[in-house]
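Here the protein sequences line up with chains A and B, keeping their order. For the first sequence, position 405 (counting from the first letter as 1) is numbered 405 according to full-length UniProt numbering, and the numbering increases by one without interruption. For the second sequence, position 144 (counting from the first letter as 1) is numbered 144 according to full-length UniProt numbering, and the numbering increases by one without interruption.
Incorrect hints may have been included.
As the list claims (entries may be wrong) - Sample of chain A residues lacking proximity to chain B, with all beta carbon distances greater than 12 Å (derived):
(1) Pro77
(2) Arg78
(3) Asp137
(4) Asp144
(5) Asn244
(6) Thr258
(7) Leu262
(8) Leu277
(9) Thr289
What the hints assert, rightly or not - No more than 27 Å apart at the CA atoms, straight line, and that leaves these computed lysine-lysine pairs for BS3-like:
(10) A:Lys335 to B:Lys401
(11) A:Lys335 to B:Lys145
(12) B:Lys297 to A:Lys343
(13) A:Lys145 to A:Lys279
(14) A:Lys145 to B:Lys335
(15) A:Lys297 to B:Lys317
(16) B:Lys297 to A:Lys297
(17) A:Lys317 to B:Lys297
(18) B:Lys317 to A:Lys317
(19) A:Lys335 to B:Lys293
(20) A:Lys297 to B:Lys343
(21) A:Lys343 to B:Lys317
(22) A:Lys404 to A:Lys297
(23) A:Lys317 to B:Lys343
(24) A:Lys405 to A:Lys317
(25) B:Lys317 to B:Lys405
(26) A:Lys214 to A:Lys145
(27) A:Lys279 to A:Lys293
(28) A:Lys297 to A:Lys317
(29) B:Lys335 to A:Lys293
(30) B:Lys335 to A:Lys297
(31) B:Lys293 to B:Lys214
(32) B:Lys335 to A:Lys317
(33) B:Lys317 to B:Lys145
(34) B:Lys297 to A:Lys335
(35) B:Lys297 to B:Lys404
(36) B:Lys279 to B:Lys297
(37) A:Lys404 to A:Lys335
(38) A:Lys404 to A:Lys293
Hints were generated in silico from the structure; no laboratory data involved. Heads up, the beta-carbon is just placed ideally off N, CA and C, and yes, glycines get one too.
2 protein chains.
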Amino acid sequence: MEVGDNVKVATNDGEMSGVLMPRYESASEDYIVIKLKSGYNTGIQVGRIKSITKLQKSEPAATTARAPETTEDKGLPRIALISTGGTIASKIDYRTGGVHAALSASELYASVPELANHASIDPEVLLSEYSENLRPDHWTMIADKVAEKVRSGRYRGVVVSHGTDTMHYTAAALSFALQDLPIPVVLVGAQRSSDRPSSDAALNLLGATVFAAKSEYAGVFVAMHASTSDDAIACHIGTRVRKNHTSRRDAFESIDVTPVALVRNNTIEMQKSEIKLAKRSEGSGSLATVKTKFDGKVALLKYHPGFDPSLIEHAAKAGYRAIILEGTGLGHVSKECFPALRKVVDSGMMVCMTSQCIWGRIRMTVYDTGRDLLDIGVVPLSDMISETATVKAMWALANSKDPKKTMQENLANEISSSIPI
Amino acid sequence: MEVGDNVKVATNDGEMSGVLMPRYESASEDYIVIKLKSGYNTGIQVGRIKSITKLQKSEPAATTARAPETTEDKGLPRIALISTGGTIASKIDYRTGGVHAALSASELYASVPELANHASIDPEVLLSEYSENLRPDHWTMIADKVAEKVRSGRYRGVVVSHGTDTMHYTAAALSFALQDLPIPVVLVGAQRSSDRPSSDAALNLLGATVFAAKSEYAGVFVAMHASTSDDAIACHIGTRVRKNHTSRRDAFESIDVTPVALVRNNTIEMQKSEIKLAKRSEGSGSLATVKTKFDGKVALLKYHPGFDPSLIEHAAKAGYRAIILEGTGLGHVSKECFPALRKVVDSGMMVCMTSQCIWGRIRMTVYDTGRDLLDIGVVPLSDMISETATVKAMWALANSKDPKKTMQENLANEISSSIPI
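Isolated chain A, as found in the complex (with noise of 0.2 Å):
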């Protein structure tokens, strides 16, 4: 019997069957690991199990699936779809039990037969790795190979195949590089991988390329799954979007904010929001902005009691050159804060403040923690979420001559109006 095999497993309290999977290094002995029909992995106590029967050998991993051919022949809107890895990308590896970046883009195109019925779609592998190693320069290559695309004039729409634990950083990135699109570029990614059953990974990319091939409206946006049922994908403003569940297939949510469409059916369902969308301008194959560069020296630091005030300095002494404080409340930290902050100020450090309460608005001007903030020099940023300031932080510091005015200005629907108190 070896790892992969499928296998039947008794026990006092009844049977299961599924693949035989690797027990990791580090687990515990008393256990071994089987993956259910359901995609899900399940432990079962050595002491527990009477017989263990093998149902069938391991099967070698799938073979490369073959994507149909382009046809531009067929009318069909054409979508460039740029992978860069995650989940979505990704086949479980029965070697290690783990999930690796595996797919192509156009495997990933093969094993969504139904997307050729929608759109006649170039696919191209940009990068291959999961998102929470990507850095700002992975942002600038990923931003500059959208505005190859966008300028070739090609594309009714560009889909970014990306891993889900770092999207919406990448969401607000290309929002501020790329501004004023004049096509939608969609980001789009799985929470489960394509080869399991519960994969959302085919209609997630379904979702995302109806929205890239026949929204009125342009900019960048994530589509994901709109609740835990297979009815309906989310598309949400890239600059206002965060994943709010480690597992769960609607696990990325607008903040402050409505989604600004359903895709349900194939069919795009706009929904009443408060951002105002740039409507699509295609066929120029013209870019505005195209602003590429981040500098990444800017720290997110989240505040808590006990937080140390050296934290602050320390970033000043690594070079850093802004800090996105995530206060508590309004917007608030300790006042233990105050000298490491004002010293940091001072010395031309820009320290911005957004809440760790990820909804709703800071107010610095209603308690005296505050307003000895503002003075201080703290930049408030609104209801801007502090995933999306740390990335236009590092946006502002490579691009603009003001980089304080800049955070206070509304580029990409990350801040909503409000009156002056």
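Once you have looked at the hints, place chain B on chain A.
Chain B only, in chain A's frame:
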């Protein structure tokens, strides 16, 4: 005309009346600010103003209200009310237009006369501080004070009024410091100060008191508005709650579990919850676990693209004994962090993993990144929220001989059980 006067302002668009507020020094000079009857401030552009009329002179600050004399004779349940500061104990200071921690516990009591129908309350002011300024040593003070009240055997429950910014951190701290409580300890705050018509202070305090007095269950809870309307107060488990909105009255939400109870019309409605609560066992005045010390040398670091691994090494150099990593997705940080993590773990630092997704459970055996981190010795914290994990690490370092083991044990409902994989 003076700040604090009740005025009527006529503009081209109409009239509005309210209290003339001081302009905050760094605010634009083009606006005057009026506090409307609704409790909200509004700015009016000076250029739009046609006339300003004084309706009523500024009123002196309200004199200290007198609490009703506590009468044990009524046979009402006796509740200890410990005031620590925050908005719930605040009123607006018309000199600065800001909110100051000002009300004493007895003033607070006096401002909610309905309390006298449900409980006989012994108020005590312990602290008068904005909660963003509270430190781990304040948690010790509060826990010791609660322990004193519980040990006296005189109370049906303890209510702790607290600023909302870090109330969830304090709730977690009390949950670990005072395990196996014989009676309920209920933290309560307000999102809007108690002299504002829109204040949630009275209803929250009433709900917290009813739950403290009448609940069949013991433990540490947080009681706050269940929705934006004034119909119900939700009671959350102290280790499972988070402030998820900067300003809404229902900012506090249970994470990954259902609130254990709603208080509606002064009646407790227990909810179907995944959490098994301990029954109250009052009268004994006994306290099984009183470990109120915290070691503040714990850093909560939120990972983001561009995160500088030198922050990890800085924390070690600055004498930190533990780091809680708020990783992405299922519990990841980039491979660039691995060398720094290996170094600090090998030097004896405890490094634990939570997720910035907030909802859901980390699973570090699914992807290579997670398995590499487990190999380095990073401690996975299942579905513990990062704020609770930070507090728990501070508590474990001060009270456990094996903090890593303690971090992975469920002590106060901070971890839900799960299958091994």
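Consistency of the hints with the structure:
Even its closest Cβ contact with chain B, about 32 Å, leaves Pro77 of chain A beyond 12 Å, as expected for a residue assigned away from the interface. Even its closest Cβ contact with chain B, about 31 Å, leaves Arg78 of chain A beyond 12 Å, as expected for a residue assigned away from the interface. Distance check on Asp137 of chain A: its Cβ comes as close as 9 Å (rounded) to a Cβ of chain B, failing to clear the 12 Å threshold; non-interface status is violated. Remark: the non-interface label on Asp144 of chain A is consistent with the geometry, its nearest Cβ contact in chain B lying 17 Å away (cut-off 12 Å).
Its beta-carbon lying about 6 Å from the closest one in chain B, Asn244 of chain A breaks the requirement of being farther than 12 Å from that chain. For Thr258 of chain A, the requirement that its beta carbon stay farther than 12 Å from each beta carbon of chain B is met, with the minimum near 16 Å. No Cβ of chain B comes within 12 Å of the Cβ of Leu262 of chain A; the nearest lies about 21 Å off, and the non-interface call holds. The beta carbon of Leu277 of chain A sits about 25 Å from the closest Cβ of chain B, which is more than 12 Å, so the claim that it is off the interface holds.
Every Cβ of chain B is farther than 12 Å from the Cβ of Thr289 of chain A; the closest lies at roughly 21 Å, confirming the non-interface assignment. Taking the CA atoms of Lys335 of chain A and Lys401 of chain B, the gap is about 33 Å. The hint is violated against a cut of 27 Å. Annotation: proposed proximity of Lys335 of chain A to Lys145 of chain B holds, straight-line Cα distance about 24 Å (limit 27 Å). Under the criterion of a C-alpha separation no larger than 27 Å, the hint pairing Lys297 of chain B with Lys343 of chain A is consistent with the structure, at around 23 Å.
As the CA atoms of Lys145 of chain A and Lys279 of chain A are separated by approximately 22 Å, the hinted pair is consistent with the 27 Å bound. The hinted pair formed by Lys145 of chain A and Lys335 of chain B meets the criterion: a straight-line CA distance of about 24 Å does not exceed 27 Å. Taken as a hint, the Lys297 of chain A and Lys317 of chain B pair is honoured in the structure, with Cα atoms around 21 Å apart against an allowance of 27 Å. For the hint pairing Lys297 of chain B with Lys297 of chain A, the CA-to-CA distance comes to about 26 Å; that is within 27 Å, so the pair holds.
Pair hint Lys317 of chain A plus Lys297 of chain B holds up; C-alpha atoms about 21 Å apart against a cutoff of 27 Å. In summary, the hint linking Lys317 of chain B to Lys317 of chain A is supported, as the alpha carbons are separated by about 14 Å, within the 27 Å threshold. Taking the CA atoms of Lys335 of chain A and Lys293 of chain B, the gap is about 23 Å. The hint holds against a cut of 27 Å. Among the hinted pairs, Lys297 of chain A with Lys343 of chain B is consistent with the structure: their alpha-carbon atoms are about 23 Å apart, no more than 27 Å.
With a CA separation close to 21 Å, the supplied pair Lys343 of chain A and Lys317 of chain B stays within the 27 Å bound. Straight-line distance between C-alpha atoms of Lys404 of chain A and Lys297 of chain A comes to about 15 Å, which keeps the hinted pair within the 27 Å bound. As the CA atoms of Lys317 of chain A and Lys343 of chain B are separated by approximately 21 Å, the hinted pair is consistent with the 27 Å bound. The hinted pair formed by Lys405 of chain A and Lys317 of chain A meets the criterion: a straight-line CA distance of about 24 Å does not exceed 27 Å.
With a C-alpha separation of about 24 Å, the suggested pairing of Lys317 of chain B with Lys405 of chain B holds against the 27 Å cut-off. With a C-alpha separation of about 22 Å, the suggested pairing of Lys214 of chain A with Lys145 of chain A holds against the 27 Å cut-off. Annotation: proposed proximity of Lys279 of chain A to Lys293 of chain A holds, straight-line Cα distance about 26 Å (limit 27 Å). Pair hint Lys297 of chain A plus Lys317 of chain A holds up; C-alpha atoms about 11 Å apart against a cutoff of 27 Å.
A C-alpha spacing of about 23 Å is found between Lys335 of chain B and Lys293 of chain A, which places the hinted pair at or below 27 Å, so the restraint holds. Distance restraint check for Lys335 of chain B and Lys297 of chain A: the Cα-Cα separation of roughly 18 Å lies within the 27 Å cut-off, and the hinted pair is therefore satisfied. As the CA atoms of Lys293 of chain B and Lys214 of chain B are separated by approximately 30 Å, the hinted pair breaks the 27 Å bound. For the hint linking Lys335 of chain B to Lys317 of chain A, the alpha-carbon distance of about 23 Å falls within 27 Å, and the restraint holds.
Proximity of Lys317 of chain B to Lys145 of chain B is assessed by CA-CA distance (about 35 Å); at most 27 Å being required, the pair is judged violated. Proximity of Lys297 of chain B to Lys335 of chain A is assessed by CA-CA distance (about 18 Å); at most 27 Å being required, the pair is judged to hold. A hinted pair counts as satisfied when its Cα atoms are at most 27 Å apart, and Lys297 of chain B with Lys404 of chain B qualifies at roughly 15 Å. Our distance criterion of 27 Å between C-alpha atoms is broken by Lys279 of chain B and Lys297 of chain B, whose separation comes to about 34 Å.
For the hint linking Lys404 of chain A to Lys335 of chain A, the alpha-carbon distance of about 23 Å falls within 27 Å, and the restraint holds. At roughly 17 Å between alpha-carbon atoms, Lys404 of chain A and Lys293 of chain A fall within 27 Å of each other, so this suggested pair holds.
The earlier numbered hints that this structure contradicts are 3, 5, 10, 31, 33 and 36.
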